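2 protein chains.
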Amino acid sequence: MQPIKKLDQLIKSLEGKSPKKIAVTFAQDPNTIGAISKAVDLGFAQAIMIGDKEIIIKECKKLGVDYQKFEIIDEKNDVKAAALSVEMVRNGDADVLMKGLIGTDKFLKAVLNKEKGLLPPKAVMSYVCALDIPKYDKLLFITDTAVIPFPDLKQKIAMTKYAVNMAHKFGVENPKVALVSCTEKVNPAIQNTVNDAIICKMNQRGQIKNCVIDGPLDIFLACDKEAVKIKGVQTPINGEADVLVFPTLEACNTFYKGLMLFGGGELAGLIQGTIKPVVVMSRSESEKSKLYCIALSCLMAED
Amino acid sequence: MQPIKKLDQLIKSLEGKSPKKIAVTFAQDPNTIGAISKAVDLGFAQAIMIGDKEIIIKECKKLGVDYQKFEIIDEKNDVKAAALSVEMVRNGDADVLMKGLIGTDKFLKAVLNKEKGLLPPKAVMSYVCALDIPKYDKLLFITDTAVIPFPDLKQKIAMTKYAVNMAHKFGVENPKVALVSCTEKVNPAIQNTVNDAIICKMNQRGQIKNCVIDGPLDIFLACDKEAVKIKGVQTPINGEADVLVFPTLEACNTFYKGLMLFGGGELAGLIQGTIKPVVVMSRSESEKSKLYCIALSCLMAED
Numbered sequence: 000m001q002p003i004k005k006l007d008q009l010i011k012s013l014e015g016k017s018p019k020k021i022a023v024t025f026a027q028d029p030n031t032i033g034a035i036s037k038a039v040d041l042g043f044a045q046a047i048m049i050g051d052k053e054i055i056i057k058e059c060k061k062l063g064v065d066y067q068k069f070e071i072i073d074e075k076n077d078v079k080a081a082a083l084s085v086e087m088v089r090n091g092d093a094d095v096l097m098k099g100l101i102g103t104d105k106f107l108k109a110v111l112n113k114e115k116g117l118l119p120p121k122a123v124m125s126y127v128c129a130l131d132i133p134k135y136d137k138l139l140f141i142t143d144t145a146v147i148p149f150p151d152l153k154q155k156i157a158m159t160k161y162a163v164n165m166a167h168k169f170g171v172e173n174p175k176v177a178l179v180s181c182t183e184k185v186n187p188a189i190q191n192t193v194n195d196a197i198i199c200k201m202n203q204r205g206q207i208k209n210c211v212i213d214g215p216l217d218i219f220l221a222c223d224k225e226a227v228k229i230k231g232v233q234t235p236i237n238g239e240a241d242v243l244v245f246p247t248l249e250a251c252n253t254f255y256k257g258l259m260l261f262g263g264g265e266l267a268g269l270i271q272g273t274i275k276p277v278v279v280m281s282r283s284e285s286e287k288s289k290l291y292c293i294a295l296s297c298l299m300a301e302d
Numbered sequence: 000m001q002p003i004k005k006l007d008q009l010i011k012s013l014e015g016k017s018p019k020k021i022a023v024t025f026a027q028d029p030n031t032i033g034a035i036s037k038a039v040d041l042g043f044a045q046a047i048m049i050g051d052k053e054i055i056i057k058e059c060k061k062l063g064v065d066y067q068k069f070e071i072i073d074e075k076n077d078v079k080a081a082a083l084s085v086e087m088v089r090n091g092d093a094d095v096l097m098k099g100l101i102g103t104d105k106f107l108k109a110v111l112n113k114e115k116g117l118l119p120p121k122a123v124m125s126y127v128c129a130l131d132i133p134k135y136d137k138l139l140f141i142t143d144t145a146v147i148p149f150p151d152l153k154q155k156i157a158m159t160k161y162a163v164n165m166a167h168k169f170g171v172e173n174p175k176v177a178l179v180s181c182t183e184k185v186n187p188a189i190q191n192t193v194n195d196a197i198i199c200k201m202n203q204r205g206q207i208k209n210c211v212i213d214g215p216l217d218i219f220l221a222c223d224k225e226a227v228k229i230k231g232v233q234t235p236i237n238g239e240a241d242v243l244v245f246p247t248l249e250a251c252n253t254f255y256k257g258l259m260l261f262g263g264g265e266l267a268g269l270i271q272g273t274i275k276p277v278v279v280m281s282r283s284e285s286e287k288s289k290l291y292c293i294a295l296s297c298l299m300a301e302d
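Heads up: the sequence lines are chains F and Z, in that order. In this text, residue positions in the first sequence follow numbering that gives the first Met the number 0: the first is 0, and each later residue adds one. In this text, residue positions in the second sequence follow numbering that gives the first Met the number 0: the first is 0, and each later residue adds one.
Hint data in this document are derived by calculation from the structure and do not stem from the laboratory. Among the hints, a few may not be true.
Same chains, same names: a pair is fine if it fits in one copy or spans any two.
To be verified - Quick list of in silico lysine-lysine cross-link-like pairs, BS3-like style, CA-CA up to 30 Å:
(1) K20 with K184
(2) K287 with K137
(3) K228 with K287
(4) K16 with K184
(5) K224 with K200
(6) K275 with K113
(7) K11 with K113
(8) K168 with K230
(9) K184 with K153
(10) K224 with K108
(11) K224 with K16
(12) K68 with K200
(13) K134 with K121
(14) K134 with K224
(15) K160 with K60
(16) K230 with K61
(17) K121 with K184
(18) K5 with K134
(19) K61 with K113
(20) K184 with K61
(21) K115 with K200
(22) K57 with K168
(23) K79 with K230
(24) K175 with K108
(25) K60 with K208
(26) K16 with K105
(27) K137 with K60
(28) K275 with K228
(29) K230 with K134
(30) K230 with K105
Keep in mind the model is a prediction, meaning the values are calculated, not measured.
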């Protein structure tokens, strides 16, 4: 498989593959309907809309969307709709779960339910995004933009594995993983840099496979060949990182938002750790990003 | 004074002002000589080069720089050169201190010397940068890119004041200060968002003056009017921040490096808290950034 290097190639890569079934929890707002409708039209998704049937049909009509292309399950209570859609994904009746007009807290409560949810016991839940920056010649898989504020070692290892797995799905066979910091120096007083050293050794010992990990590295050493030359730092990443694992959510969040705003960046993200892909989009995401998110979930649902 | 909105205007703003005297510690590498020479040629700086006179003259000749435009003080030992240049700035024989070919540790030791250094007792040392992003219509003053890894409340207040002071020097009369986080929600479990709330109240009570502070805010709410409208968040910053105070060095560092690399950003930065401006540049900075740094120090040395 040729690696997918830009997000528009992601949509193309799904052509000819069997569409994935997406269970949409409380699919009754124009944002959700607009995004899922486009994905259905492009042929890579089928939608099961769980929510108030009357409202769904009314909203579809307002948008000029043919509601008959969706399977609609009538459930007027949002918490029950969440439980039902999670159950469908657990049972294999759907391949992907997607949040509609329901509070994130209520939605995640259903996802995280110990008996009936989608997160295996002791699994770490995290969030990985594929970031498309015009000035970088391939995608950057970044984590964690949204879930774990201050990852500890165990969480950082899980985050790294999730991001590497996503890179594999995009056809990047042996992704270069940079553990991001401010400098390339290990500082025993800064736990993140210590954890980075540990993760590098685990990678070298084959405990984290099918990728090349180095860190701590700053953004320049991770993503700029020229900076690596000037600084003379020996690193297998060599300014060509595929994956950036950030020390904190704050760092990852400000990094990608800065590049969305001022670097022309586009983004597709997904919750990680669950047995099937879970899509949670924010209202403020662009139309394009929303479509990319759904496409990403379908790619990740491939065996 | 018209606000300086881009870094090239910074250079122009110094035209016609009396040049500032810069004491350069161990000024004997081509990087330092190249940068300071340009500043002298542009007329806003005079240079006192403290270091090995023979080497300085040799390096100048190699670069085709007329060494006679510099005052050169012969001192072959780097630690002594640092002490001497710090003393000159303390005495008022120079307006600005600048690091040359000496380790940052040795250099800062002289700056931080309790009896003979440049940092007043109990003052917080920090770092503020003016970041010029083509897609933003004014400068962003960001802190802390380099000195304080995890600012506590006291440090964050000091950082905020330093950045506001720099904005004032650039002619921004009542700068809008965004305390940056991942979201706009105060989360009692995340100390940074709690500190942000405290700083906002201090601003409202007049304890931090001549600026408008709001936070926590994410990058979108801080710098994008459209996002403020979509999210419907009430904030006096309104997507037009002049100052961004980051929760950690890691967040600030990855933010600006991402934008330098992928958003066409240019940067000028300065140590803050010292009685006179202190310039510490890294080798990997661009020629332009180096010149901007020196210009910034001269602007900040104005009464």
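Do the hints match the structure? See the list:
1. Taking the shortest Cα distances, K20 and K184 never come within 30 Å of each other, neither inside one copy (47 Å) nor across copies (34 Å).
2. In this assembly of identical chains, the alpha carbons of K287 and K137 lie at most 30 Å apart whether taken from the same copy (18 Å) or from different copies (28 Å).
3. Taking the shortest Cα distances, K228 and K287 sit within 30 Å of each other only across copies (19 Å), while inside one copy they are farther apart (36 Å).
4. Taking identical chains as interchangeable, the C-alpha atoms of K16 and K184 are never at most 30 Å apart, the minima being 45 Å within one chain and 41 Å between chains.
5. Within a single copy, K224 and K200 get their C-alpha atoms as close as 23 Å, which meets the 30 Å cut-off; across copies the closest is 45 Å, which misses it.
6. For the identical chains of this complex, K275 and K113 are intra-copy neighbours only, at 15 Å inside a copy versus 60 Å across copies, given an alpha-carbon limit of 30 Å.
7. Taking CA atoms no more than 30 Å apart as the test, K11 paired with K113 passes in neither setting, with 37 Å inside one copy and 64 Å between copies.
8. Within a single copy, K168 and K230 get their C-alpha atoms no closer than 33 Å, and across copies no closer than 33 Å, so neither meets the 30 Å cut-off.
9. When the C-alpha separation of K184 and K153 is checked against a cutoff of 30 Å, the pair qualifies both within a copy, at 21 Å, and between copies, at 27 Å.
10. Taking identical chains as interchangeable, the C-alpha atoms of K224 and K108 are never at most 30 Å apart, the minima being 44 Å within one chain and 33 Å between chains.
11. For the identical chains of this complex, K224 and K16 are neighbours neither inside a copy (36 Å) nor across copies (40 Å), given an alpha-carbon limit of 30 Å.
12. For a Cα distance limit of 30 Å, the shortest separation of K68 from K200 qualifies neither inside one copy, at 51 Å, nor across copies, at 53 Å.
13. Taking CA atoms no more than 30 Å apart as the test, K134 paired with K121 passes in neither setting, with 39 Å inside one copy and 44 Å between copies.
14. Proximity of K134 to K224 under the C-alpha cut-off of 30 Å is found in both arrangements, the shortest distances being 13 Å within a copy and 25 Å between copies.
15. Proximity of K160 and K60 under a CA criterion of 30 Å is satisfied in neither setting, with 43 Å inside one chain copy and 54 Å between copies.
16. In this homomeric assembly, K230 and K61 come within 30 Å of each other (Cα to Cα) only across copies, at 23 Å, whereas the closest approach inside a single copy is 58 Å.
17. Taking CA atoms no more than 30 Å apart as the test, K121 paired with K184 passes between copies only; the shortest distance there is 28 Å, against 32 Å inside one copy.
18. Within a single copy, K5 and K134 get their C-alpha atoms as close as 11 Å, and across copies as close as 22 Å, so both meet the 30 Å cut-off.
19. For a Cα distance limit of 30 Å, the shortest separation of K61 from K113 qualifies neither inside one copy, at 39 Å, nor across copies, at 71 Å.
20. For a Cα distance limit of 30 Å, the shortest separation of K184 from K61 qualifies neither inside one copy, at 57 Å, nor across copies, at 33 Å.
21. In this assembly of identical chains, the alpha carbons of K115 and K200 never lie at most 30 Å apart, being 37 Å within a copy and 44 Å across copies at closest.
22. In the homo-oligomer, the alpha carbons of K57 and K168 never lie at most 30 Å apart, since the shortest distance is 38 Å inside one protomer and 57 Å across protomers.
23. In this assembly of identical chains, the alpha carbons of K79 and K230 lie at most 30 Å apart only when taken from different copies (27 Å versus 57 Å within one copy).
24. For a Cα distance limit of 30 Å, the shortest separation of K175 from K108 qualifies neither inside one copy, at 34 Å, nor across copies, at 38 Å.
25. Neither within a single protomer nor between protomers do K60 and K208 lie at most 30 Å apart by alpha-carbon distance, with minima of 50 Å and 53 Å respectively.
26. Proximity of K16 to K105 under the C-alpha cut-off of 30 Å is found in neither arrangement, the shortest distances being 33 Å within a copy and 62 Å between copies.
27. In this homomeric assembly, K137 and K60 never come within 30 Å of each other (Cα to Cα): the closest approach is 39 Å inside a single copy and 44 Å across copies.
28. In this assembly of identical chains, the alpha carbons of K275 and K228 never lie at most 30 Å apart, being 42 Å within a copy and 34 Å across copies at closest.
29. Proximity of K230 and K134 under a CA criterion of 30 Å is satisfied in both settings, with 21 Å inside one chain copy and 29 Å between copies.
30. For the identical chains of this complex, K230 and K105 are inter-copy neighbours only, at 20 Å across copies versus 49 Å inside a copy, given an alpha-carbon limit of 30 Å.
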